[in-house]
Amino acid sequence: MSLAGRRILVVEDNFDVAYLIRTALEEHGAEIIGPAATVSGALALIAGTAQIDGATIDINLGGEMAYAVIDVLRAQTVPIVIITGYDAKSLRPDYADMPSVRKPFRVERVIDSLLGRTWNSE
Amino acid sequence: MRKPARRRARKEPRGSAGDLRAFVSSATVSVAMFDQGMRCLAASPRWRDDFCGGARNVIGRSLYDVVPDLPQHWKDLHRRALAGETLWHEDRFERRDGRSQWLRQGVRPWHGARRAIRGVLIHFEDITARVEAEQALRKETAALARLHEASSLLWETHSLKEGLDVILSATIDLLGADKGNVQIFDPGRKVLRIAAQRGFEQDFLEFFREVSVEDNTACGRALRAGGPVVIEDNELDADYAPYRSVAQAAGYRAVVSAPLLGRDNVLLGMVSAHFRSPHRPSDTDLQRLDLYARRAASFIERFGNDQALRASEERLRLALAGGRLAMFDRDIRTDMHVWSDECYPLLGYRAGEVVPSRAAWMARIHADDRDTVQEAARSAMRDRKDYVSEYRILRPDGSVRWVRARGRFLYDGEDPVRLIGLVEDITESRQYLETQQVIIAELQHRTRNLMAVVQSIALQTLSTASSLEDFKARFDQRLRVLSRVQGLLSRAGNEAITLDALVGMELAAIGSSEFRHRISSGGPSAPLRKSTVEMLSLAIHELATNAVKYGALASETGRLSVTWEIAGAGPDRRLQLDWIERGIAPPPRAADRERRGYGRRLIEQALPYSLSVETTFELVADELRCAISIPLATNEA
Chain A
1 MSLAGRRILV
11 VEDNFDVAYL
21 IRTALEEHGA
31 EIIGPAATVS
41 GALALIAGTA
51 QIDGATIDIN
61 LGGEMAYAVI
71 DVLRAQTVPI
81 VIITGYDAKS
91 LRPDYADMPS
101 VRKPFRVERV
111 IDSLLGRTWN
121 SE
Chain B
1 MRKPARRRAR
11 KEPRGSAGDL
21 RAFVSSATVS
31 VAMFDQGMRC
41 LAASPRWRDD
51 FCGGARNVIG
61 RSLYDVVPDL
71 PQHWKDLHRR
81 ALAGETLWHE
91 DRFERRDGRS
101 QWLRQGVRPW
111 HGARRAIRGV
121 LIHFEDITAR
131 VEAEQALRKE
141 TAALARLHEA
151 SSLLWETHSL
161 KEGLDVILSA
171 TIDLLGADKG
181 NVQIFDPGRK
191 VLRIAAQRGF
201 EQDFLEFFRE
211 VSVEDNTACG
221 RALRAGGPVV
231 IEDNELDADY
241 APYRSVAQAA
251 GYRAVVSAPL
261 LGRDNVLLGM
271 VSAHFRSPHR
281 PSDTDLQRLD
291 LYARRAASFI
301 ERFGNDQALR
311 ASEERLRLAL
321 AGGRLAMFDR
331 DIRTDMHVWS
341 DECYPLLGYR
351 AGEVVPSRAA
361 WMARIHADDR
371 DTVQEAARSA
381 MRDRKDYVSE
391 YRILRPDGSV
401 RWVRARGRFL
411 YDGEDPVRLI
421 GLVEDITESR
431 QYLETQQVII
441 AELQHRTRNL
451 MAVVQSIALQ
461 TLSTASSLED
471 FKARFDQRLR
481 VLSRVQGLLS
491 RAGNEAITLD
501 ALVGMELAAI
511 GSSEFRHRIS
521 SGGPSAPLRK
531 STVEMLSLAI
541 HELATNAVKY
551 GALASETGRL
561 SVTWEIAGAG
571 PDRRLQLDWI
581 ERGIAPPPRA
591 ADRERRGYGR
601 RLIEQALPYS
611 LSVETTFELV
621 ADELRCAISI
631 PLATNEA
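Heads up: the sequence lines are chains A and B, in that order.
If you read the first sequence in this note's numbering, its first letter stands for residue 1, the second for the next number, and so on.
If you read the second sequence in this note's numbering, its first letter stands for residue 1, the second for the next number, and so on.
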């Protein structure tokens, strides 16, 4: 299970959680873009980056919802994993079937998802 | 031989007269015949007995001589009859022997040759029995009419006292009594108490305040007998001895008491009538009394039931009002609706503004919910279970209320015929529920976030720990910071956490009382955004811990100064925190800087990461200077 050579965008507003995600992904060989703490920060990063192979998105960025970021990435067919502290049912209906994991998460699930392996949403 | 024939013809009339006299003499009726001068020509023995004292020699004498005291109006009758009228007359006649009779007399003229009036015929019928019967019937009818009137009066009275007074008056009237009273039975103490009276003084009322079944008063006896009791003369009644003096003072000699019995012969009370003189009521009187006692008993019963019913209805009305419940009652067959008072304001109508109807109710249900409501009713009918439905009411002023309706269908066989139920305004509790749900979701989110943070701190602590012991100690301390912060957040509720509270908390945690003389801290009470509290606490904790281990508080000569102030204006107002350690001995070496790594990363990277916090960190010679600039809380983030 390796993310070697893959560039993963991390969008998370909590520093410690971002640290967790990036450390875990880096241990599996990923190159981290960001992390970005806000919607505007994430959009700026996306605009300025040529190649994004995957993204982990925290749905609630300091009170602002990250749907705009997801929309842009979806349009670019970037695999996305939503990482959230809320129940899956609190996601907007048209995003409800996207891959998501609940905090605290197991990094294996995140990686599986980024690599396109299917599993049941937590 | 013509003469004998004539003689024969003359004899026959004379023979008839003789027969006629014989007829009259043996007649049992009262009849007499007079000539035009009212001289008696013939009279039956009966007539002679009735009018002439049985006198025999009335024939040929004028009636007015035989009966000098004949009433004038009878003479008028005779005169008119002599003029040709046939008359009937009824009146009362006082006989010579003292008896009085009711007589019906017929007076008519009798005719001779060529229809000439020759005199009058008078006959008498004794109609005493009939008249007396008629009189008795009239009296009875009048008494019954009075009874009926008195009963009707009872139906119109609305207080027990009024009703009892009516009962009493009617009884006294019916029996021709002088005084009376009505008592009500107290089943608890098994005594009768006077509730209405006429004609008595205080002494009597006091003496007979409570009468028990053992007493030998008329009412006591009536209680035992279960029916009316008569004491015709209390002076002669041996058992009445104890009460005689009171009776004398009150002025009565006779008493009639009748119990008032309700359904199933339950004793409700007693009615008594008192007479000044000794008295024996007739059977008719007693019969009427019995009839009336029954009427009175049913009044008392009905009154009691009415009271109970009114109390019950009032109780229901108050309960509904107090419980703020609206009640509806719908007759499905007739589509008649009954609404309690609360229905109107609930639906946004003025009291009585509409006639209760399904349409009027539906009109106020929110358009989106009407189908739900109808389906709920249908399903309840289908499955024969209670009807429950929650829906919105849209009032004309635009306000929306959530209500819960609960009801029960009543069936006649298969068909629902009635729906009765209650409606409650649940707007507040629904909002509360919604708020609760939001809070719970938030709490879950926060908790899960916190767990991820703990995961991260464990990872970070592990990477810089020199040993498992070291990890355990540091991790433990950092967890405690988080715990302290959670405590602060819970206690504060909706209020902001201030920087002084936070600094105070962390300095206390390192045992600042030990270092009292070497720490100076102070600044204005400044509210912090909730999102910065956790990170700031961790940062200050690291600074404080490091100060104790390697910094100004590690030696006797070091000094720590923690101060803050508010700088800038308007939306750019910021809180400036300065953490200055002086006289660090021995001066920090490279290795120490490593050990400060976690804290440094916190201050230099974590704080600015998402919180718009600006920081500087300098560790030079024997001084550590850390400056943290925090945006002030305007509204909570």
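Calculated from the structure, these hints are not laboratory results.
Treat each hint with caution, since some may be false.
[Stated by the list, open to error] One-sided and incomplete, this derived list gives chain B residues near chain A with beta-carbon spacing under 10 Å: (1) Ala441; (2) Thr447; (3) Arg448; (4) Met451; (5) Val454; (6) Ser456; (7) Ser463; (8) Ser466; (9) Leu468; (10) Ser531; (11) Met535; (12) Val548; (13) Arg601; (14) Leu611; (15) Glu614.
[Said to hold, decoys possible] Okay, the calculated bits of chain A under chain B, using three or more residues with CB under 8 Å as the criterion: (16) 89-98; (17) 101-114.
Don't be surprised by glycine CBs; every beta carbon is placed ideally from N, CA and C.
Residues of the stretch 101-114 of chain A with Cβ under 8 Å from chain B, three needed, outcome = It holds: at least three residues are needed, and the stretch 101-114 of chain A offers 4 whose Cβ sits within less than 8 Å of chain B.
For the hint on Ser456/B, does the least C-beta distance to chain A fall short of 10 Å?
-> Result: holds, 4 Å to nearest chain A Cβ.
Hint check, Arg601/B versus chain A [nearest Cβ-Cβ separation less than 10 Å] | holds, 9 Å
Evaluation of the interface hint that places Leu468/B against chain A, nearest CB under 10 Å = violated, 20 Å
Restraint check, 10 Å cut-off on beta carbons, for Arg448/B near chain A = holds, 4 Å
Interface hint for Ser531/B, Cβ within 10 Å of any Cβ on chain A | holds, 6 Å
Taking the closest Cβ pair, is Val454/B under 10 Å from chain A?
-> With a closest approach of 8 Å, the Val454/B hint holds.
Against chain A, run the beta carbon of Thr447/B and see if the smallest gap drops under 10 Å.
-> holds, 8 Å
Interface hint for Leu611/B, Cβ within 10 Å of any Cβ on chain A = holds, 9 Å
Within the assertion that chain B covers the stretch 89-98 of chain A, do at least three residues meet a Cβ-to-Cβ distance smaller than 8 Å?
-> Violated: only 1 residues of the stretch 89-98 of chain A have a Cβ under 8 Å from chain B.
Should the hint that Met535/B touches chain A count as held when the rule is a Cβ pair under 10 Å?
-> Holds, because the Cβ-Cβ distance from Met535/B to chain A comes to roughly 7 Å (cut-off 10 Å).
Does Val548/B pass the interface check with chain A, least Cβ-Cβ distance below 10 Å?
-> This interface hint is violated because 23 Å lies over the 10 Å limit.
Hint check: violations occur at hints 8, 9, 12, 15, 16; the rest are consistent with the structure.
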